[in-house]
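S.K.: Below are the chains, spelled out letter by letter.
2 protein chains.
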Amino acid sequence: MATTAMPSAAAYEATVTAPVNIAVIKYWGKRDESLILPTNSSLSATLSQDILHSKTTARADPNFTGADTLWLNGTPEPMSASKRLANVVNALRAKRAALEASDSLLPKMSKWIVHVTMNTFAGSSRIAAAHSSAESKSTSMWDGPPATGCTRVAPPSSDSAPDDQSSCGSHSRNHGRPKITSHATLSSTRHRAHWTDLEALVLVVHDGRKGVSSTSGMQTTVQTSALAQERFKSVVPQRMFDMKQAILRKDFDQFAETTMMDSNQFHAICLDTFPPIFYLNDVSRAIIQLVTDFNATPVAGYTGKYKVAYTYDAGPNAVLYLPRQFVRPVLALIQHYFPAPTDVPAADYFADPYKVGVNYPAPSSTNVAELAKTKLTPHAPGAIKRILHAKIGDGPRVVYAGPATGAGETGLMGKDGTPAKK
Amino acid sequence: MATTAMPSAAAYEATVTAPVNIAVIKYWGKRDESLILPTNSSLSATLSQDILHSKTTARADPNFTGADTLWLNGTPEPMSASKRLANVVNALRAKRAALEASDSLLPKMSKWIVHVTMNTFAGSSRIAAAHSSAESKSTSMWDGPPATGCTRVAPPSSDSAPDDQSSCGSHSRNHGRPKITSHATLSSTRHRAHWTDLEALVLVVHDGRKGVSSTSGMQTTVQTSALAQERFKSVVPQRMFDMKQAILRKDFDQFAETTMMDSNQFHAICLDTFPPIFYLNDVSRAIIQLVTDFNATPVAGYTGKYKVAYTYDAGPNAVLYLPRQFVRPVLALIQHYFPAPTDVPAADYFADPYKVGVNYPAPSSTNVAELAKTKLTPHAPGAIKRILHAKIGDGPRVVYAGPATGAGETGLMGKDGTPAKK
Numbered sequence: 001m002a003t004t005a006m007p008s009a010a011a012y013e014a015t016v017t018a019p020v021n022i023a024v025i026k027y028w029g030k031r032d033e034s035l036i037l038p039t040n041s042s043l044s045a046t047l048s049q050d051i052l053h054s055k056t057t058a059r060a061d062p063n064f065t066g067a068d069t070l071w072l073n074g075t076p077e078p079m080s081a082s083k084r085l086a087n088v089v090n091a092l093r094a095k096r097a098a099l100e101a102s103d104s105l106l107p108k109m110s111k112w113i114v115h116v117t118m119n120t121f122a123g124s125s126r127i128a129a130a131h132s133s134a135e136s137k138s139t140s141m142w143d144g145p146p147a148t149g150c151t152r153v154a155p156p157s158s159d160s161a162p163d164d165q166s167s168c169g170s171h172s173r174n175h176g177r178p179k180i181t182s183h184a185t186l187s188s189t190r191h192r193a194h195w196t197d198l199e200a201l202v203l204v205v206h207d208g209r210k211g212v213s214s215t216s217g218m219q220t221t222v223q224t225s226a227l228a229q230e231r232f233k234s235v236v237p238q239r240m241f242d243m244k245q246a247i248l249r250k251d252f253d254q255f256a257e258t259t260m261m262d263s264n265q266f267h268a269i270c271l272d273t274f275p276p277i278f279y280l281n282d283v284s285r286a287i288i289q290l291v292t293d294f295n296a297t298p299v300a301g302y303t304g305k306y307k308v309a310y311t312y313d314a315g316p317n318a319v320l321y322l323p324r325q326f327v328r329p330v331l332a333l334i335q336h337y338f339p340a341p342t343d344v345p346a347a348d349y350f351a352d353p354y355k356v357g358v359n360y361p362a363p364s365s366t367n368v369a370e371l372a373k374t375k376l377t378p379h380a381p382g383a384i385k386r387i388l389h390a391k392i393g394d395g396p397r398v399v400y401a402g403p404a405t406g407a408g409e410t411g412l413m414g415k416d417g418t419p420a421k422k
Numbered sequence: 423m424a425t426t427a428m429p430s431a432a433a434y435e436a437t438v439t440a441p442v443n444i445a446v447i448k449y450w451g452k453r454d455e456s457l458i459l460p461t462n463s464s465l466s467a468t469l470s471q472d473i474l475h476s477k478t479t480a481r482a483d484p485n486f487t488g489a490d491t492l493w494l495n496g497t498p499e500p501m502s503a504s505k506r507l508a509n510v511v512n513a514l515r516a517k518r519a520a521l522e523a524s525d526s527l528l529p530k531m532s533k534w535i536v537h538v539t540m541n542t543f544a545g546s547s548r549i550a551a552a553h554s555s556a557e558s559k560s561t562s563m564w565d566g567p568p569a570t571g572c573t574r575v576a577p578p579s580s581d582s583a584p585d586d587q588s589s590c591g592s593h594s595r596n597h598g599r600p601k602i603t604s605h606a607t608l609s610s611t612r613h614r615a616h617w618t619d620l621e622a623l624v625l626v627v628h629d630g631r632k633g634v635s636s637t638s639g640m641q642t643t644v645q646t647s648a649l650a651q652e653r654f655k656s657v658v659p660q661r662m663f664d665m666k667q668a669i670l671r672k673d674f675d676q677f678a679e680t681t682m683m684d685s686n687q688f689h690a691i692c693l694d695t696f697p698p699i700f701y702l703n704d705v706s707r708a709i710i711q712l713v714t715d716f717n718a719t720p721v722a723g724y725t726g727k728y729k730v731a732y733t734y735d736a737g738p739n740a741v742l743y744l745p746r747q748f749v750r751p752v753l754a755l756i757q758h759y760f761p762a763p764t765d766v767p768a769a770d771y772f773a774d775p776y777k778v779g780v781n782y783p784a785p786s787s788t789n790v791a792e793l794a795k796t797k798l799t800p801h802a803p804g805a806i807k808r809i810l811h812a813k814i815g816d817g818p819r820v821v822y823a824g825p826a827t828g829a830g831e832t833g834l835m836g837k838d839g840t841p842a843k844k
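Protein sequence lines correspond, in order, to chains A and B. Under this note's numbering, think of the first position of the first sequence as 1, with each following residue one higher. Under this note's numbering, think of the first position of the second sequence as 423, with each following residue one higher.
FYI, nobody ran anything at the bench for these hints, they're computed from the structure.
Here are the computed distance ranges between Cβ atoms for each label pair:
| hint | chain 1 | residue 1 | chain 2 | residue 2 | range |
| --- | --- | --- | --- | --- | --- |
| 1 | A | D348 | B | T719 | 39 to 47 Å |
| 2 | B | K795 | A | A101 | 50 to 58 Å |
| 3 | B | E455 | A | D251 | 28 to 36 Å |
| 4 | B | T719 | A | A380 | 29 to 37 Å |
| 5 | B | K795 | A | A369 | 44 to 52 Å |
| 6 | A | P361 | B | K795 | 53 to 61 Å |
Which bits of chain A does chain B cover? Going by a derived footprint, with three or more residues having C-beta under 8 Å, they are:
| hint | stretch |
| --- | --- |
| 7 | 227-233 |
| 8 | 257-265 |
| 9 | 269-275 |
| 10 | 282-294 |
With a straight-line Cα cutoff of 30 Å, these simulated DSS-like cross-link-like pairs (lysine-lysine) come out:
| hint | chain 1 | residue 1 | chain 2 | residue 2 |
| --- | --- | --- | --- | --- |
| 11 | B | K505 | A | K375 |
| 12 | B | K797 | A | K83 |
| 13 | A | K233 | B | K452 |
| 14 | B | K797 | B | K807 |
Everything numeric in this text was worked out from a predicted model, so none of it was measured. Ideal Cβ positions, reconstructed from N, Cα and C, are used throughout, including at glycine.
Using the sequences and the hints given, assemble the complete structure.
M.R.: Next up, the structure:
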């Protein structure tokens with residue numbers, strides 16, 4: 001496509017950051033491809049953006065020519081290739097056009113070509129959830145001058161949930177069968193201040209592309225797995241209820257058990273697919289073993305059944321949810337059994353943004369082998385590439401919305417409307 | 423226990439070899455622990471004993487003292503520790519006692535202590551099935567003098583199938599619900615001559631002990647997996663029917679698809695167990711990928727959907743079933759992508775009992791990369807420890823039954839009634 005060397009004076013842009021959402025009740029498969037209706041409800045926890053986020057800049061410029069374009073981590077593709085994003089842009093454009101029709105003084109932004117640059121967090125396989133929010137937020141530039149704040153337009157795959165996902169520490173997505181929805185239950189859990197004791201460790205086992213794309217993989221599951229139907233129909237509705245109760249009551253035992261069982265079952269239906277889909281590898285499985293063994297090892301004064309929960313999306317990377325008091329022992333265990341790669345700086349393995357050694361309760365023993373009665377032996381260095389520590393966070397943040405200057409300082413887009421060179 | 427230095431003149435023994443049975447419809451879990459009733463029917467193929475077999479010697483000696491004892495691969499344990507074997511011995515002893523009551527001239531063998539030595543094939547995780555036959559056969563020594571040939575007593579876990587398992591290339595085990603049984607279907611498939619084109623390759627990925635024992639693992643699955651119930655109730659009955667039809671008709675496509683889907687689903691319900699049970703490792707998964715890719719690569723003149731099927735029992739070792747014409751190409755692929763260990767003689771990696779290079783049809787290309795369009799790269803040497811080639815075989819063979827000489831030449835037991843030193 002042809003681009004302008006400088007943004008037009010009329011050009012508008014917005015830049016937002018969006019968190020990583022990690023599903024604790026997993027969605028896998030669509031019951032309607034065109035309407036993007038999922039086979040079952042799902043529920044995610046939103047991780048803080050301090051360390052982990054994706055960043056998106058969208059710009060509309062009357063001088064842009066060609067087609068709407070998306071750059072995903074620097075690689076351009078036509079916007080139409082991303083069905084989800086194209087749907088959002090179309091919906092917002094129609095809304096803007098209606099606004100322009102009612103006020104002839106407004107610039108005709110609805111006619112302008114749009115460029116979007118999106119940089120995702122490498123190592124997270126389930127960035128899509130974050131995008132759904134980022135897409136709506138980043139297109140706040142459609143509001144144009146005068147700025148009227150953020151406009152949210154839910155993409156078609158999302159329900160029109162009455163709770164504001166952008167202020168939730170967790171959010172659920174309804175699969176469209178009203179009897180299963182119970183947003184009311186979640187309403188009191190919407191603020192991230194609700195469960196401040198809950199934290200997360202992301203263990204990056206593999207940061208490359210995965211073998212089977214989610215989009216094609218999940219449809220093969222729907223078509224070939226006999227067990228998947230049972231999951232969609234009978235298992236998930238009960239788990240959605242259990243999980244909402246667990247979050248409401250801040251019941252970590254219920255939360256942990258449901259999270260782990262749901263992760264296992266998601267990978268079970270992938271394996272029951274033909275040909276089978278594998279996302280967990282030997283390192284993923286060793287992490288599950290370590291978590292299982294740590295949970296089974298008593299800690300004086302702690303009466304809970306679980307101390308940490310694992311969950312895996314469509315990839316081998318683990319996300320561990322855990323109460324604050326177990327962050328230090330679990331980090332000690334992970335760092336012992338999965339030592340840092342020898343060829344990268346220590347801070348690339350674990351940046352320690354919250355200074356765990358200083359600010360967190362010490363483990364019950366300084367002897368790592370005593371923390372978990374496990375038969376595991378330490379892996380070779382680098383089996384886990386990176387450890388990220390996150391708190392439970394809030395939704396997308398608008399970093400900038402206003403005239404396109406092309407400075408590329410807060411945004412991702414250079415003066416010419418393509419990704420900024422940094 | 424005290425032992426005699428020499429067998430009593432009255433002592434009797436029997437030695438049998440038993441094949442490895444590899445289930446193509448998997449059984450996992452009991453619905454009644456005391457009666458050892460499985461949750462679902464299962465169906466196995468029996469591999470030839472040329473390379474793979476277990477060997478068992480049983481001896482009853484009036485001079486033995488202490489308790490009935492089993493040596494499993496040289497390690498002694500009380501017979502009572504093996505519930506299954508103890509059940510068989512008890513049943514045979516009762517039968518022998520009845521015989522003795524009716525004929526006062528018979529030696530009172532039913533009062534004698536029994537020693538059993540059992541050497542299993544290392545690297546097969548599902549030796550149990552073979553044992554059920556070996557147990558009954560090896561206890562043919564209970565018939566005592568005069569020798570009346572073999573007496574079969576089905577252990578309680580087996581149905582009283584009218585087909586003689588010892589002459590079957592495949593056999594099914596009924597889970598006890600009559601409506602599912604269809605032995606009639608199998609009756610014409612009982613001779614190993616039925617499907618002579620079908621062969622097997624056993625890929626030994628790991629020959630050590632597995633982490634989770636089948637016995638405890640399967641009960642955890644029954645208790646915790648929501649998906650397992652669906653498998654037991656709805657999936658297996660249909661697959662038993664499909665598999666019997668496939669064997670009757672020698673329909674390799676149906677056989678292969680059902681075998682692979684059933685293997686996948688067995689491991690899926692293991693993963694849906696809490697805590698999850700893993701038997702497949704990264705090497706197992708790479709073998710599945712290679713099989714999938716080879717099946718998807720066209721071969722001129724072959725119109726079948728599948729060329730080879732994988733199945734995995736409770737361990738990482740693969741068993742591949744395949745028509746004779748694909749033995750050479752599949753061996754070439756396996757040896758290329760999983761090269762031999764560098765520290766053992768080539769014959770320990772693959773002994774080639776049937777001289778594949780001489781006696782089997784050549785692959786369609788001498789270029790291994792052309793045989794399967796795969797993205798796999800060759801593994802480090804030794805990822806697969808051994809490759810075994812087997813034909814479909816028959817049941818247990820009685821090697822010896824008669825007075826105990828203690829020579830240990832055909833049997834496993836020395837003069838003193840303990841495993842022979844070799």
